[in-house]
Amino acid sequence: MSGNIIDVSRVRIGDVTPDVKYAITKDQIKDYAVLSTDNNPLHVDEEFAKDTMFKGIIAHGTIPLAYMFQSVYEYFKCAWLKGLKFEVKFIAPVRPGDIVVCNGQVKNVNADQGNIVIDLYCMNQKNDKVIVGEAIVPMQ
Amino acid sequence: MANLDGIDYKNLVVGKNMGTYQCNVSRELILNYINNTGLDYEKFILENGLIAPAAMVFVFTLRAIFANNIPIGGAVLAGHYLECIEPIREGRNVYIDVVIKDKYIKKERKYVLLDFVVRGDDGNINVVNTMRAIWPQ
Chain A
12 MSGNIIDVSR VRIGDVTPDV KYAITKDQIK DYAVLSTDNN PLHVDEEFAK DTMFKGIIAH
72 GTIPLAYMFQ SVYEYFKCAW LKGLKFEVKF IAPVRPGDIV VCNGQVKNVN ADQGNIVIDL
132 YCMNQKNDKV IVGEAIVPMQ
Chain B
336 MANLDGIDYK NLVVGKNMGT YQCNVSRELI LNYINNTGLD YEKFILENGL IAPAAMVFVF
396 TLRAIFANNI PIGGAVLAGH YLECIEPIRE GRNVYIDVVI KDKYIKKERK YVLLDFVVRG
456 DDGNINVVNT MRAIWPQ
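Order-wise, the sequence lines are chains A and B. Sequential numbering from 12 applies to the first sequence in this note's numbering. Sequential numbering from 336 applies to the second sequence in this note's numbering.
Treat the hints as calculated values from the structure; they're not laboratory data. Check each hint, because a few of them may be wrong.
Claimed, not checked - Straight-line distance between alpha carbons at most 20 Å, and here's what the computed DMTMM-like set of lysine to aspartate or glutamate pairs gives:
| id | chain 1 | residue 1 | chain 2 | residue 2 |
| --- | --- | --- | --- | --- |
| 1 | A | K100 | B | E443 |
| 2 | B | K438 | A | E98 |
| 3 | A | K96 | B | E421 |
| 4 | A | K88 | B | E377 |
| 5 | A | K41 | B | E363 |
| 6 | A | K93 | B | D457 |
| 7 | A | K96 | B | E418 |
| 8 | A | K100 | B | D450 |
| 9 | A | K100 | B | E418 |
| 10 | B | K378 | A | D30 |
| 11 | B | K378 | A | E57 |
| 12 | A | K32 | B | D375 |
| 13 | A | K96 | B | E377 |
| 14 | B | K378 | A | E85 |
| 15 | A | K93 | B | E443 |
| 16 | A | K88 | B | E382 |
| 17 | A | K93 | B | E421 |
| 18 | A | K100 | B | D437 |
| 19 | A | K93 | B | D437 |
| 20 | A | K118 | A | E98 |
| 21 | A | K88 | B | D375 |
| 22 | B | K436 | A | E98 |
| 23 | A | K93 | B | E382 |
| 24 | A | K32 | B | E377 |
Quantities reported herein were computed from a predicted structural model and do not represent experimental measurements.
Can you build the whole structure from these sequences, using the hints too?
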C-alpha cells in the first residue's frame with residue numbers, strides 16, 4: 012500500500028460523501044468501554060453521569076469517528092487512505108439512543124498541493140451538529 | 336468532577352513522555368471493534384488479512400492512556416487530530432508513545448494536549464494522533 016489510488020477526475024467541489032448512519036446504544040458504549048479500557052464514569056455510571064453537566068451517560072467521543080472515517084472511505088471506495096489527515100472538534104455529546112449521521116462535502120480540490128479537502132459532519136437525529144472537522148486526502 | 340487519581344493539573348509536565356503501551360492487534364480484537372461499531376467486516380479484508388479500521392486507533396490510544404496511568408479520568412474530549420501513515424494489520428504489535436504536548440487555560444477551562452505515536456514491530460510509524468481534552472474542573 013504505497014499510495015492512494017484515487018480517481019481525481021470524478022471528484023468535484025461540492026460533492027457530498029455518503030451518509031453513514033448508526034444508532035448508538037447503551038450496550039455499545041459499555042462494550043466500547045471494555046474494548047478501550049476507558050471506564051470514565053461519564054460513559055458507564057448512570058448515577059455519576061446524571062449529576063454532571065451532561066445529565067446522563069454520554070458515548071465516548073471516539074465512537075462516532077468510525078462513521079466519519081467510513082463516509083470518506085466510501086466516497087473514495089477504499090478501506091484506508093495513506094497520508095489522510097483528519098481533524099475534528101467535539102461540539103455536543105452523543106447519548107445512548109441517538110442516531111448519528113456522518114458525511115462530508117468536498118471543499119477544495121488542490122491540484123497544486125496534491126490534495127482534496129473535505130468538510131466533515133456528524134449530526135444527531137435532531138439535525139444538531141455533534142462533531143465537525145476536516146479531512147485532507149492526498150491524491151497520491 | 337475529580338480526576339481519578341488525584342494528580343493536579345499543575346503537576347502535568349509539558350514534554351514529558353508518559354510511557355509506551357504495547358498491544359497485539361489480533362484478528363479477534365479487530366473483529367470486536369468492527370462488531371462494536373457495526374462497520375462492514377468485508378471492507379477491511381485486504382490481501383494479507385484484516386486491517387484495523389482507521390478509527391480503531393483511538394481504542395489503542397485510550398488503552399495507552401489508562402495503561403500508563405495518565406490522569407485524565409473524568410476529562411471531556413474536545414478534539415482529535417490524526418494522520419494515517421500505514422494501516423495496522425492483524426497479528427502485528429503496536430507500540431504507542433504518549434507525550435504531554437501542551438496544556439493551557441482558555442475561557443477558564445483547563446486543556447491538555449496529548450501526542451500519540453503509534454509504531455509497528457518494524458519501528459515504522461502507522462499513525463500519529465493528538466488529543467485535546469478538557470481537564471476535569
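So, going through the hints one by one against the coordinates:
1. Using a Cα cut-off of 20 Å, the hinted pair K100(A) and E443(B) holds, with the two alpha carbons roughly 19 Å apart.
2. Between the alpha carbons of K438(B) and E98(A) the distance comes to roughly 19 Å, so the proposed pair stays at or under 20 Å and holds.
3. The hinted pair formed by K96(A) and E421(B) meets the criterion: a straight-line CA distance of about 12 Å does not exceed 20 Å.
4. Note on K88(A) and E377(B): the hinted pairing holds, with a Cα-Cα distance of about 13 Å set against a maximum of 20 Å.
5. A threshold of 20 Å between alpha carbons decides the hint, and for K41(A) with E363(B) the separation of about 18 Å falls inside it, so the pair holds.
6. With a CA separation close to 18 Å, the supplied pair K93(A) and D457(B) stays within the 20 Å bound.
7. Distance check on the hinted pair: K96(A) and E418(B) sit about 4 Å apart at the alpha-carbon level, within 20 Å; holds.
8. The hinted pair formed by K100(A) and D450(B) meets the criterion: a straight-line CA distance of about 16 Å does not exceed 20 Å.
9. For the hint pairing K100(A) with E418(B), the CA-to-CA distance comes to about 15 Å; that is within 20 Å, so the pair holds.
10. A distance of roughly 16 Å separates the Cα atoms of K378(B) and D30(A); the hinted pair therefore holds under the 20 Å criterion.
11. With a C-alpha separation of about 35 Å, the suggested pairing of K378(B) with E57(A) is violated against the 20 Å cut-off.
12. Straight-line distance between C-alpha atoms of K32(A) and D375(B) comes to about 13 Å, which keeps the hinted pair within the 20 Å bound.
13. About 24 Å separates the Cα atoms of K96(A) and E377(B), which puts this hinted pair outside 20 Å; it is violated.
14. For the suggested pair K378(B) and E85(A), the alpha carbons sit about 10 Å apart, so the restraint of at most 20 Å is met.
15. Taken as a hint, the K93(A) and E443(B) pair is broken in the structure, with Cα atoms around 38 Å apart against an allowance of 20 Å.
16. Between K88(A) and E382(B) the alpha-carbon distance is near 16 Å, which keeps this suggested pair within the 20 Å criterion.
17. For the given pair, K93(A) sits about 6 Å from E421(B) by alpha-carbon distance, which is consistent with the 20 Å threshold.
18. For the proposed pair K100(A) and D437(B), the alpha carbon gap of about 17 Å is at most 20 Å, so the pair holds.
19. Pair hint K93(A) plus D437(B) does not hold up; C-alpha atoms about 27 Å apart against a cutoff of 20 Å.
20. With a C-alpha separation of about 15 Å, the suggested pair K118(A) and E98(A) falls inside the 20 Å cut-off, and the hint holds.
21. Distance check on the hinted pair: K88(A) and D375(B) sit about 13 Å apart at the alpha-carbon level, within 20 Å; holds.
22. Proximity of K436(B) to E98(A) is assessed by CA-CA distance (about 16 Å); at most 20 Å being required, the pair is judged to hold.
23. A distance of roughly 16 Å separates the Cα atoms of K93(A) and E382(B); the hinted pair therefore holds under the 20 Å criterion.
24. A hinted pair counts as satisfied when its Cα atoms are at most 20 Å apart, and K32(A) with E377(B) qualifies at roughly 18 Å.
Violated hints, in rising order: 11, 13, 15, 19; the structure is consistent with all others.
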